[in-house]
Amino acid sequence: MPKLSAILTLTTSLILGIAGVWVAYNVDMLPVSASMNAPVYDELYRVLFIIGLILFIGMTALVIYSLIQFRRRPGESGDGIDLEGNISLEIFWTAVPAIVVLFVGLYSYDIYDRMGGMQPLMHDHSGQMDNQAERVWGGIGSGPIESSSEKNSLSLPIELTAMQFAFIFHYPKGDIISGELHVPVGREVSLKMESKDVIHAFWVPQFRLKQDVIPGQPTILNFTPTKAGNFPIVCAELCGPYHGGMRSNVIVDEQEDFDTWLKENSKESI
Amino acid sequence: MTISLKPNNSSPEKLQPTGWLKYLSFSLDHKVIGLQYLVCGFLFYLIGGSLAGAIRVELISPLSDFMPREVYNQVLTLHGTIMIFLWIVPVVNGAFGNYLIPFYVGARDMAFPRLNAVAFWLIPPSGLMLITSYFINGAAQSGWTAYPPLSITTPAAGQIIWILSVLLLGGSSIFGGINFIATILKLRRPGLKLMQLPMYCWAMLGTSILVVLSTPVLAGTLILLSFDIVAHTGFFNPSLGGNVIVYQHLFWFYSHPAVYIMVLPAFGLVSEILPIHSRKPLFGYTTMVFSIMGIVVLGLVVWAHHMFTSGTPPWMRLFFTIATAFIAVPTGIKFFNWVATLWGGKISLNAAMLFSCGFIINFVLGGITGVALAQVPFDVHVHDTYFVVAHFHYIVYGGSVFVIFSSIYHWFPKFTGKMLNENLGRFHFIITFIGFNLCFAPQHWLGLNGMPRRVAEYDPQFQLINQISSVGALLMALSTLPFLWNILQSTLYGEEAGDNPWNALTPEWLTSSPPPVENWDGEAPLVLEPYGYGKKDSNETQEAIR
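Line by line, the protein sequences give chains S and F.
Start counting the first sequence at 1; every next residue gets the next number (the working numbering).
Start counting the second sequence at 271; every next residue gets the next number (the working numbering).
Hints are computed from structural coordinates only; laboratory data are not their basis.
Where a beta carbon is used, it is the ideal one built from N, C-alpha and C, also for glycine.
Any given hint could be a false lead.
Said to hold, decoys possible - Here are the computed lysine-lysine pairs in the DSS-like style, where the Cα-Cα straight-line distance is at most 30 angstroms:
#1 S:Lys267 with S:Lys196
#2 S:Lys173 with S:Lys192
#3 F:Lys805 with F:Lys616
#4 S:Lys3 with F:Lys805
#5 F:Lys463 with S:Lys3
Said to hold, decoys possible - To give a feel for the contact side, a few chain S residues facing chain F, derived at Cβ under 7 angstroms:
#6 Met29
#7 Val32
#8 Arg72
#9 Thr94
#10 Met115
#11 Gly174
#12 Asp212
#13 His243
What the hints assert, rightly or not - Far from chain F, by Cβ distances over 12 angstroms, these chain S residues were calculated:
#14 Leu106
#15 Ile168
#16 Ile177
#17 Lys227
#18 Glu254
Using the sequences and the hints given, assemble the complete structure.
Right, here's the structure in full:
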């Protein structure tokens, strides 16, 4: 009997595992991925989805099975078996979740690192540590933009000012002010963000990136778009009555189209 | 160690009103206070639920067309505040804690009966004040988190009333917490060891430690916020040199443990209900106790996972990711132990049991999405979206509220001496379970695909899913009707329950239903094995205890 139940448990776990993997790769619940770190994010999502699905179906099946198998039949009386605990079983189901959680934690740390989240913070881009107003905190992908001139020359600096209820983008190169974000495909964008009034959040679901835009505390968010197209920018932090309407677009152009846009809108010759 | 078992003997019980009037009085009887908490909480649940209904009506269409945008923000702020501070926290702690803890420790009342009554009587005026703020220049509209600077720049009257109300409710919580700790540790019947207490006592001990440690931080934070609003100080106001992130740290130092203040007692209640209706001992008592204390310790060091998108340093994100994810370990132990409690039992599929098992299934999903949300890369995409709304409601509605219903079905015979109608109860469960899952499961997809939370208007591509969610909400609202009818009908004309209709071994069932003023006519029974099912015939065990 114990052998049979062990085989049954193993088979069920195997079927569950295969089903979980199949669902995770065939049921797509995410929007298009359009930035360099989106596929990395999607990888983590898939792993979490598979583990979650297996656990959820397994636990639900166990509860439903118990309710059916051990239900009190008509005319039955008395108590169930006198079973108060089982130390080895309890150690087993403490250790397994601990290992799974540790694996997920380390794996997501790796993903986070690959997304650029562990790069050191830039505390002060002007070199004055005591100047609170100039303190810059990083979001994912933020790096020392001004300290590394090589990197800086490659990335496109844009300043974002958020206010009730709009996002305003400023391109230092060309002194362009725009209500929409225009970026070229395949080039890193370094967005320096600050809010004029309350906390807003810059979110592009297709980039899998979100960063709060905080008054009195500039933040940097770096990302590299990988797909040309028009994607929504959504404010994700409750910012007042028109919060739901605080939306804009990020228009990812091919390099030539972006250059044309830059030339057409530029106040100074580039 | 133990002090008088008759803390109430100096109280003027004889002068207290009797009959239903006692529930409107400053009664010192823990059972009366428990039911006051329960009924008062349920009334606020109906109000908070109506507000949720209004939110779901607004979201049937992508445009903001059902109510003005300011009112929408007031409605969502009131909904969150009422459900947390006036329904779940007072009921899972105040109502069941007050009713059950003295029975479980073998006392005749709580350690501080007057403080207990004060704790309850702070709630109705605070709640009424919060709701009437809607009619005085508009209620608070910055969400239940009241993040500055929004809470400083929105109309001050509503926000100040909100702060005052939450401060009073926090005070009530602290009074309750102190009382529970003192009762559990000091009023135990001689001969009853801590490790022989029913699991709900441990859950309430853990919860009360969290309440006493974290609620004062919220109180201090809100007092500073009120200074910023009325006296134009600059603690959190960036235009006066304040720091908005400091508020978030302080706020979440309370408000993350608040989740455990809502679910730990629910865990305790389920641990009482499952063994009785499975006719089996609670599996793994010792690991259950340690897992509660593990959750308490971890619960205090995970608050910053609410701030992964706020511009926190990388090391902080890493630490809070790991700490948050590790809460899954003690929580997982509890779930496996509950399933093991069901295994090999003789399970009665009554309403109490169905709601408890519904809780297990819902909470597993909420827990899984919780572990996912603890991962920074995952969180930065779905933070402040409907994914979080779904996760949170799976924890607090699918978790705590399901357990509250389960507990009402389980303890109603003790409260009133009458049985509830089981068929109506099962019907209530089915409609609630379907409605709940229909409402909140699709919201995971909404969040992943780009719908932020707290919006009155949204991208039209999300309309169908929002409509499905609103149908689920309607079912949840309708599910209250068979429950209310059942309560009304059974209280008036229900079948007599007898003292112990479930043939249970926990101490509250070893007295009459409803119990006498001082809980037992004679000496309190000494119950050393509250889960001693299956050892011998339960009737014999009961006789032995008596």
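Comparing the hints with the structure gives:
no., hint, verdict
1, S:Lys267 with S:Lys196, "holds, 24 angstroms"
2, S:Lys173 with S:Lys192, "holds, 14 angstroms"
3, F:Lys805 with F:Lys616, "holds, 14 angstroms"
4, S:Lys3 with F:Lys805, "holds, 28 angstroms"
5, F:Lys463 with S:Lys3, "violated, 41 angstroms"
6, Met29, "holds, 5 angstroms"
7, Val32, "violated, 10 angstroms"
8, Arg72, "holds, 5 angstroms"
9, Thr94, "holds, 6 angstroms"
10, Met115, "holds, 6 angstroms"
11, Gly174, "violated, 28 angstroms"
12, Asp212, "holds, 5 angstroms"
13, His243, "holds, 6 angstroms"
14, Leu106, "violated, 9 angstroms"
15, Ile168, "holds, 18 angstroms"
16, Ile177, "holds, 23 angstroms"
17, Lys227, "holds, 15 angstroms"
18, Glu254, "holds, 24 angstroms"
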